[in-house]
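Residues 1 to 326, numbered by the numbering used here, are exactly what the sequence shown covers, in order.
Errors might be hidden in some of the hints.
Unchecked claim - Computed list of lysine-lysine pairs in DSSO-like fashion (alpha-carbon distance at most 27 Å, straight line):
(1) K177 / K158
(2) K273 / K177
(3) K279 / K196
Keep in mind the hints are simulated off the structure, nothing from the lab.
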Amino acid sequence: MEINRFYGSYCMSCKGVFGQGDDIVVCPECGTPYHRECYKKEGRCINEPLHASGISWKPMTEEEAAVAQSSENGTIRCMRCGEENTADMLFCTKCGLPLHQDEPPERPFNDIYSPNRYPSGNQGGQQQGAAPFPNTIMLDKNSEIDGITIEDYVCYIKSNPIYFVTTFFRFFKLKTKISFNFGAVLFPEFYMLYRKMYVRGILMLILSFLLSVPSYIILGSQDFMGQVFIEKASFIEGNTFQLVYQASNYALWAVRLILGFSVNYLYYSSVKKRIRRIKAENPEPNEARQIMALAGGVSWPAVIMGATLMFGMFTALMFVMNHFIK
1 MEINRFYGSY CMSCKGVFGQ GDDIVVCPEC GTPYHRECYK KEGRCINEPL HASGISWKPM
61 TEEEAAVAQS SENGTIRCMR CGEENTADML FCTKCGLPLH QDEPPERPFN DIYSPNRYPS
121 GNQGGQQQGA APFPNTIMLD KNSEIDGITI EDYVCYIKSN PIYFVTTFFR FFKLKTKISF
181 NFGAVLFPEF YMLYRKMYVR GILMLILSFL LSVPSYIILG SQDFMGQVFI EKASFIEGNT
241 FQLVYQASNY ALWAVRLILG FSVNYLYYSS VKKRIRRIKA ENPEPNEARQ IMALAGGVSW
301 PAVIMGATLM FGMFTALMFV MNHFIK
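Construct the complete structure from the given sequences, taking the supplied hints into account.
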């Protein structure tokens, strides 16, 4: 008997997994499969990212389909990770994905555990129906954090999404705003520019420069690679300048520590605001995610521009101090 090569894949419209004997039609342009009734309901192929990329949808190989078919009786194959689960399981025991398309969408934030998730009577001392770790919550891409799905967050964040999604989830569930970020302590202005928080990054860069002016003056008055930028700087030995120097250093590190504990929440707020604006302006989900992918992520050019601006302000300070301060 010929193996259905679409078996084990899923319909983009209803998200249901194709089984043997399903009435399947494919998009004539990209090859994406649908249940016939689902395609009629949509009236078109909704796999727009594939259309935009010009790449054709690739079904399972015959070998992969044969493996999937062999597990049809008595087991359910997870369409995300491929784990074999017994037929009475509600969620994949390996990755937590719902195995039945009628699973309620609010499940990921439900702290109640189904006995079917751990069907054997005792696995390593674990009693039937007990979660492997107390207070564990299973999340998937459709889980929501403050009304936004994890899939949308990941699409926007792009770089290091696991760290930020778990941090955002903690902000939302625990109603806290504190989370330590070591990179933001050392270079808060460049970190915010890197994460595309441009306005906050520029403001912090200016503040950081102003608080560093006394340190830059001391640096410029010293011999650096055979050159002294500020030749007349005897005032730096005075008590007043030393007090200003110490106060500015304390203030700068205080600001850095504050941002080290708050920049993740600032980023969380920024990401939520931008995703909501993009989704409001683009109701079609696939189109919205394409825009999120372009608007989000990180920006090394912004970091380079910030460093260039900082160097320019330092150079201007050296020029002013050397030519106008007597």
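For each hint, the structure was consulted:
{"no.": "1", "hint": "K177 / K158", "result": "holds, 22 Å"}
{"no.": "2", "hint": "K273 / K177", "result": "holds, 16 Å"}
{"no.": "3", "hint": "K279 / K196", "result": "holds, 19 Å"}
Taken one by one, the earlier hints all hold for this structure without exception.
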